[in-house]
Amino acid sequence: MPARLGALVEQLGGTLHGDPELLIEQVASLNTAGPQQIAFMAGAKYRSALDSSRGGAFIVSPTDGESLDRPHIRVRNPALYFARVAQMLNPEPAVCAGIHPDASVDVTAHVDDTAEIAAGAVVGAGASIGPGVSIGAGSVVGEGCTIGAGSRLHARVTLYPRSVVGQRCILHSGAVIGADGFGFAREADASWVKIPQIGRVLIGNDVEVGANTTIDRGALDDTVIGDGVKLDNLIQIAHNVHIGEHTAMAACSGVAGSTHIGKRCMIGGSSNIMGHIDIVDDVVVSAVSFASKSIGKPGVYTGSLPSMEHAEWSRNFVRIRQLDAMAERLRALERQIESLQSSKED
Amino acid sequence: MPARLGALVEQLGGTLHGDPELLIEQVASLNTAGPQQIAFMAGAKYRSALDSSRGGAFIVSPTDGESLDRPHIRVRNPALYFARVAQMLNPEPAVCAGIHPDASVDVTAHVDDTAEIAAGAVVGAGASIGPGVSIGAGSVVGEGCTIGAGSRLHARVTLYPRSVVGQRCILHSGAVIGADGFGFAREADASWVKIPQIGRVLIGNDVEVGANTTIDRGALDDTVIGDGVKLDNLIQIAHNVHIGEHTAMAACSGVAGSTHIGKRCMIGGSSNIMGHIDIVDDVVVSAVSFASKSIGKPGVYTGSLPSMEHAEWSRNFVRIRQLDAMAERLRALERQIESLQSSKED
Amino acid sequence: MPARLGALVEQLGGTLHGDPELLIEQVASLNTAGPQQIAFMAGAKYRSALDSSRGGAFIVSPTDGESLDRPHIRVRNPALYFARVAQMLNPEPAVCAGIHPDASVDVTAHVDDTAEIAAGAVVGAGASIGPGVSIGAGSVVGEGCTIGAGSRLHARVTLYPRSVVGQRCILHSGAVIGADGFGFAREADASWVKIPQIGRVLIGNDVEVGANTTIDRGALDDTVIGDGVKLDNLIQIAHNVHIGEHTAMAACSGVAGSTHIGKRCMIGGSSNIMGHIDIVDDVVVSAVSFASKSIGKPGVYTGSLPSMEHAEWSRNFVRIRQLDAMAERLRALERQIESLQSSKED
Chain Y
1 MPARLGALVE QLGGTLHGDP ELLIEQVASL NTAGPQQIAF MAGAKYRSAL DSSRGGAFIV
61 SPTDGESLDR PHIRVRNPAL YFARVAQMLN PEPAVCAGIH PDASVDVTAH VDDTAEIAAG
121 AVVGAGASIG PGVSIGAGSV VGEGCTIGAG SRLHARVTLY PRSVVGQRCI LHSGAVIGAD
181 GFGFAREADA SWVKIPQIGR VLIGNDVEVG ANTTIDRGAL DDTVIGDGVK LDNLIQIAHN
241 VHIGEHTAMA ACSGVAGSTH IGKRCMIGGS SNIMGHIDIV DDVVVSAVSF ASKSIGKPGV
301 YTGSLPSMEH AEWSRNFVRI RQLDAMAERL RALERQIESL QSSKED
Chain U
1001 MPARLGALVE QLGGTLHGDP ELLIEQVASL NTAGPQQIAF MAGAKYRSAL DSSRGGAFIV
1061 SPTDGESLDR PHIRVRNPAL YFARVAQMLN PEPAVCAGIH PDASVDVTAH VDDTAEIAAG
1121 AVVGAGASIG PGVSIGAGSV VGEGCTIGAG SRLHARVTLY PRSVVGQRCI LHSGAVIGAD
1181 GFGFAREADA SWVKIPQIGR VLIGNDVEVG ANTTIDRGAL DDTVIGDGVK LDNLIQIAHN
1241 VHIGEHTAMA ACSGVAGSTH IGKRCMIGGS SNIMGHIDIV DDVVVSAVSF ASKSIGKPGV
1301 YTGSLPSMEH AEWSRNFVRI RQLDAMAERL RALERQIESL QSSKED
Chain R
2001 MPARLGALVE QLGGTLHGDP ELLIEQVASL NTAGPQQIAF MAGAKYRSAL DSSRGGAFIV
2061 SPTDGESLDR PHIRVRNPAL YFARVAQMLN PEPAVCAGIH PDASVDVTAH VDDTAEIAAG
2121 AVVGAGASIG PGVSIGAGSV VGEGCTIGAG SRLHARVTLY PRSVVGQRCI LHSGAVIGAD
2181 GFGFAREADA SWVKIPQIGR VLIGNDVEVG ANTTIDRGAL DDTVIGDGVK LDNLIQIAHN
2241 VHIGEHTAMA ACSGVAGSTH IGKRCMIGGS SNIMGHIDIV DDVVVSAVSF ASKSIGKPGV
2301 YTGSLPSMEH AEWSRNFVRI RQLDAMAERL RALERQIESL QSSKED
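Protein sequence lines, in the order shown, are assigned to chains Y, U and R. So the first sequence is numbered by the numbering used here: it starts at 1 and just counts up by one. So the second sequence is numbered by the numbering used here: it starts at 1001 and just counts up by one. So the third sequence is numbered by the numbering used here: it starts at 2001 and just counts up by one.
Chain Y on its own, in the form it takes in the complex:
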């Protein structure tokens, strides 16, 4: 869906420098952009990449634009503007209203006339599918689930019974919402007795859930995902977790049971958050780090261990088991030195 450069600025703002009639067909990176494509410059250090780019137009900051004589749009936040342009040029595929003959929809489910149910999808008793919703091929919507207007389940998503999904959400393939939390009591003979998981999963508006990510239902109360939360692929959210608005979590991270994460947090890939802790708003947990205790103030928290050449690792890591002994030896040396020094002064 191409657009003239002028139309972009009319719709999204910014100051245009160049021919408003230039037709832009697609977004691209500086390196790969062609004459009908627009790219953005993330900062002054990319100026040489821009200078050698074959792109037709650029999105730049006001400062970066001053010395630029090629077609460009000046805006305060080029990356954000680029996202908006990309959305304009690449609208979501239209929802084809209707229930595919190879879908299986329970007679007691409510499906809005403007919603789409694809082939192989299964919608359970009493489920409610809102306007403009798209249920992908092979997805399963359990009994009594509610899905808000404009949400899209890609192929092969599972909603367990009674799950609630807000408006304009995107759930990717293989996501499992509302499976039982991992809750057991232990018998005297060490066998496990299942604690029925009677809570639900409540997902707010504008949430994105990545491929094969799992969000468990609450044990007694609900698991809650706030508005605007973005979850990447292969993430585990355990029962009774709360995630605050606009928090983003990268792939392969996990949150153990009953933990509350604040708003606007950023949780790095493959990081782990301990159960039963609280993390305040605006916390960043670095990739491959383990948040093992509550975090009471905003900031960046890290605990990753970078790789090194194997020989260097062997040499140094064996010492980790000796750290306490080393500290003791250090303390002993300090005492001996002190004694030597005082005896010298005698």
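No lab work stands behind these hints: they were computed from the structure. C-beta atoms are modelled at their ideal positions from N, C-alpha and C, and glycine is treated no differently. Keep in mind that a hint or two might mislead.
Derived DEER-like restraints, expressed as beta-carbon distance ranges [said to hold, decoys possible]:
#, chain 1, residue 1, chain 2, residue 2, range
1, Y, 168, R, 2293, 55 to 61 Å
2, R, 2007, U, 1095, 49 to 55 Å
3, Y, 13, R, 2114, 52 to 58 Å
4, R, 2314, U, 1296, 17 to 23 Å
5, U, 1322, Y, 10, 57 to 63 Å
6, Y, 342, U, 1338, 17 to 23 Å
7, R, 2322, U, 1051, 39 to 45 Å
Given the coordinates of chain Y, assemble chains U and R onto it according to the supplied hints.
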């Protein structure tokens, strides 16, 4: 399915203090319980939470009950009793015997008359589905699989051919049982030659498998999951692994090939177990820890690295690469001190 | 599909010592092999296992074969030869050409006459399914996808629109190919604006993708998986990643966005590769290690932290936060000693 307080005690034991006619509708936590709900007290430190609870009845230890004048049941293990009460009040949804018209069942498969095959499920040739089994929407049961009485596959579970599932198991959505193990031989040109994985997966009775968990089939022999094992979400069990009875593994953990884990072990979330090792019975591996060698005696094993403020991490972690050098310097200092001391004594 | 010992050698090479008429029914390990089974010996240290084996024939190196008087085949690489024998005795199940009546195939899709589309599978508009391809039960092939000759999608695989799969690939259940990469720009109010992911996933020939593994489509350009790459289960490949030919990655590992990994690398289980880095050919990343920076030369790189008894861990790990202070104290001691020594020499 509400129950009178008296009925709970008749069925599950314990000593009732209070009105046996009190109707209990649901279990709840101390904080959220209402007058028709029952909560449990995990120990004396929760006494003030109980005192401020609006719950109708409580499950407590005999000791904790002595000073309590609200309706309660005294039992030795309140958490376990609570699980039993929760099961009574929240029975599993009944299995609706029969094959849904939108399911696809091979004519050579055996499906017990009391089993349910949901819409979109596919059952392969020669599969055997036992009494009271429930196969969820979109699940795929491969050729020659056997599923024991009372087991439940939620929506979108996959069993590869010849997998064996015992009785009363619960398999959650997205679980994949019996995919090929990761086995290859290497050609002279560094390309990989697939080693056919001809073993099976054998799952015992009373096993629960979490959402999107994968259990690979054996290479030559079988992968074996013992009775009563509980696996959380997004777990990887590689080929030829054996897991002993009543062992529980939390989410995102993984076991590499041919490892044997004993009975009654507890494996923490996001922990990893090396391949080709043996772990004895009653071992606990802490969350986010890596069991890299065989473990020969029961106990708790840990190797996690807690996060800290980023600046503190930067300051300290750069030293890990210097540990061996620090140890050498420490040794040198000790020698120097010794020499100084002996020279002083001369 | 049994074969005579002579037929194995005719087809696969090697030198036969023993009766060519001996019928071999299956491969097995030394420990479990019976009289109609063939096992291989990985090296001289397994000689006693071979001597006590009940196997009917063995695959050994020329050297190991010299002192062996039981039926055997001598070859340079017994493990590789064993893989070839296993393939001969266990051919892939034949593809049953045709579209199952319970599959849903768009009228504009092209399905080769020799391809199989199983029950419950969904094939989108304009997709192209090559000769001998097998699409498993419940798999979803999006619009405009291309699947090359001889590739096999097991049950419940998802290909998002426009994904390209080469020839002779194997995709295991739950794999999700082409979901959106995790790309967002941030609004002034800290909400996230989705950057449309307009690239594709391109998978080469002879690639294997494990169960529940996810490979995201590129943001602007494509995500590329080279020929002969082998990916285990539950792996995350982020947008714009390139993986070179014949690289193998073990389960639960992850690669963050825009990283390029070279050819013939081996990436250990549960390891993580940072985004926007380059790893050259022939690099080994050990299990449970984090490659946080570009790697410019072949070799083995490690960063894992083995578990230890909990008390030992407690004692030593608290010191990691003191490492910088310990290094300072060590430096101070060195200065004091130096001063003591020089004063002594005065």
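Broken hints, numbered, in rising order? Violated: hint 1 alone.
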